[in-house]
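Could you slot chain B onto chain A? The hints should help.
As you go down the protein sequences, you meet chains A and B in turn. For the first sequence, position 210 matches number 210 in our numbering, and the numbering has no gaps at all. For the second sequence, position 133 matches number 133 in our numbering, and the numbering has no gaps at all.
Hints are not guaranteed to be accurate.
Partial list, computed: chain A residues near chain B (C-beta under 10 angstroms) [to be verified]:
1. Ser2
2. Phe30
3. Val33
The set of hints was computed from the structure by calculation and includes no laboratory data. Just so you know, these numbers come straight off a predicted model, no measurement behind them. All residues carry an ideal CB built from backbone N, CA and C; glycine is no exception.
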Amino acid sequence: MSQLSTNHLLGLDGVPREDIELILNSTDTFLEVLERPVKKVPTLQGKTVVNLFFENSTRTRISFELAERRLSADVVNFSASTSSVSKGETLLDTARNIEAMKVDMVVMRHAAAGACEFLRTRCTSRFINAGDGSHEHPTQALLDMYTIRKSLGTLEGVNVCIIGDIAHSRVALSNIFGLVTMGANVAVCGPPSLMPRHIEKLGARVFTNVDEALGWCDAINVLRIQLERQAGASFPSLREYRNTFGITVERLDGLAKPVLVLHPGPINRGVEIDSEVADGAAAVILPQVTNGVAVRMAVLYLLGTKTE
Amino acid sequence: MPPLQHIIDDIGFDRMISRLAHEILERNHGSAGLVVIGLRTRGEFVARRLAQRITDIEQTVLPVGVLDVTLYRDDVRQHLRQPEVHASSIPFDISDMHIILVDDVLFTGRTVRSALDALIDFGRPKTIQLAVLVDRGHRELPIRADFTGKTIPTTRGQEIRVKLREVDGEDGIDLISTE
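With the rest of the complex left out, here is chain A:
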């Protein structure tokens, strides 16, 4: 199979295993392109991609933009703070106006869950969700899965634990959907105040003790404590969070088998993860960033060249 079954990537919920495998397999190719002296291929020449970012983002937007440019697409960047959204224009009007300028693909981030789906059903472009509220962030999960697969050789039967603020995390949700589809065993771990109820119905096991979780898993995905969203309401203090859930050298040293350490960034050093761990041999945090560009190139390629 060489085509995706869908024309858009809004999330990983319901995306068949064949599609995820195709994206991950294609990523190898684009990683090779990134190693070349000329890191650019002409595949999306003549296509226009709009990066529609209603929420601030640095690394995801740069990662997408590099992926788009390296496929030779024409790129337009839109950020809400400098647009007529601040003059009161509705989401749909903004999108329709941009679409009227004849674009082919839209990469979108929005603070509201479902915003991408809302526009997809009302517009004609191909949509890629770059994060919608606390809902999904599919390309982040794909790059996490790619990184685990590259390091451990497979996803099938691998124990992956996502640690941190599960309730507010679109990264966690997309990872759970994708990993379960790919046959991995998924667990989540974090303060009960940041654990969504009924999360186990998605196929994820729940740990409240981080040491137990670490003893169980082959790879951990450490989520950022979103300081801007907490305001101290969900746990007593950052120091207490670090003591109870922080990934420290001492915790990892006491383990029987090594654990692969992922973090979607940006890192709060000394809160959810210690510097020694983040910079240590078990961490694949910078490879994740490199793989992110390749994964996004794969998704843009597969959607942008898909026949009707």
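What follows is chain B alone, placed relative to chain A:
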């Protein structure tokens, strides 16, 4: 006309590889500075055979690379088809080298055109020379082969099938009529 004609058998195939290897060496005055790059998928195996034969003759080992041109194809860009992409593997510097670009069949020339674009992104070779087992005509671009195993005139409805030991269990070239 029967739907399938055997044009070349395994012995003829082996002789063809030998002749192409000798022609390449003759034209380049030996194997110095030569690298062999095959176009995925069948060109890769043909490239390895040619490189091995050159080694047998000259006692030197040539670097062999594999090129996947999917990302450079114009039919992919125009949504005409979407083949699965695979990684290229050229683990050496091609700058100032003489590249022998290898494919099994030369047809419209569009694959070779994509390959030339792709190779230029890897560096600046001194020359690129094209070696193919079969030239079946119907060129759509001003491209020709420097080394040709056999020229087989075909109609558009016919198909050339190059069989390789590595993939099909035997060597040979068949002409198939699909009309």
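> Which of the numbered hints above does this structure break?
Replying inline: Checked against the structure, no hint fails, so every one of them is satisfied.
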